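Top to bottom, those sequences are chains F and B. With the first letter of the first sequence counted as 1, position 101 gets the number 101 in our numbering; the numbers rise by one all the way through. With the first letter of the second sequence counted as 1, position 77 gets the number 77 in our numbering; the numbers rise by one all the way through.
Because the hints were derived from the structure by calculation, they are not lab data. Fair warning: this is a prediction, and the values are worked out from it, not measured in the lab. Quick reminder that beta carbons are idealized off the backbone N, C-alpha and C, glycines included. Watch out, some of these pointers could steer you wrong.
Claimed, not checked - Example chain B residues on the side facing chain F (calculated, C-beta under 7 Å, incomplete):
(1) PRO8
(2) TYR18
(3) GLY42
(4) ALA88
(5) LEU91
(6) GLU104
(7) THR114
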Amino acid sequence: KQEVTQIPAALSVPEGENLVLNCSFTDSAIYNLQWFRQDPGKGLTSLLLIQSSQREQTSGRLNASLDKSSGRSTLYIAASQPGDSATYLCAVRRMEGAQKLVFGQGTRLTINP
Amino acid sequence: GAGVSQTPSNKVTEKGKYVELRCDPISGHTALYWYRQSLGQGPEFLIYFQGTGAADDSGLPNDRFFAVRPEGSVSTLKIQRTERGDSAVYLCASSRDRDIPTGELFFGEGSRLTVL
């Protein structure tokens, strides 16, 4: 059974810092991995999708990397801003055609002005 | 529509009542998913539709839960004889995937259900 873990559960940093959020999964045989952002009381916003054949994806100040063999993905946020404060979730799709995404519990990020 | 739309945004009901939650996916998206998110947890899969049919309902917790998508667009999640443990945010997502689920999911803002 695939399990996804995100550590730490919460992170608080000063504005302007570069930071890394971690996601690990127990079964390395994944098809793709997706990072989401969730603001309080809101739905999920897709940030980046990495296919299993890719090593990383970039969008603006965000960079997500994937190391399938070690069962890890990281989300790097450059020059953090207070507006980046949210919960960040990662989710894996086990294989092509797998119906469900398996989510981690999320990392609650607070950027202090 | 521009995004996935869910109604109601909030629903408070009493134990034992019946509730319906509605999802209107992004126009043209044939794949539709329901997830449930409890406080402090990641979303958990409930059911997946490809078109009008439920291709995978393995995540539905018990037979009190049922979902339909009669015309392949709007979906309704139905919960009978609600229990306090059903309290959660119910999230709907859609994807442009046709036959094989592979791609990016787009989520709505969720329906927060509170069972008193």
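Do the hints match the structure? See the list:
Interface restraint check: PRO8(B) against chain F, minimum CB-CB distance 14 Å, threshold 7 Å, status violated. Taken as an interface hint, TYR18(B) does not check out: its beta carbon lies about 24 Å from the nearest beta carbon of chain F, beyond 7 Å. Because the closest C-beta pair between GLY42(B) and chain F is about 3 Å apart, less than 7 Å, the hint holds. Annotation: interface hint on ALA88(B) violated; nearest CB of chain F at approximately 13 Å, more than 7 Å.
Nearest Cβ of chain F to the Cβ of LEU91(B): about 6 Å, under the 7 Å cut. The hint holds. Using the Cβ-Cβ criterion of 7 Å, the hint placing GLU104(B) at the interface with chain F is satisfied: the shortest such distance is roughly 5 Å. For THR114(B), the interface hint is violated, the least distance from its beta-carbon to any beta-carbon of chain F being 13 Å, above 7 Å.
Comparing the model with each numbered hint stated earlier shows that hints 1, 2, 4, 7 do not hold.
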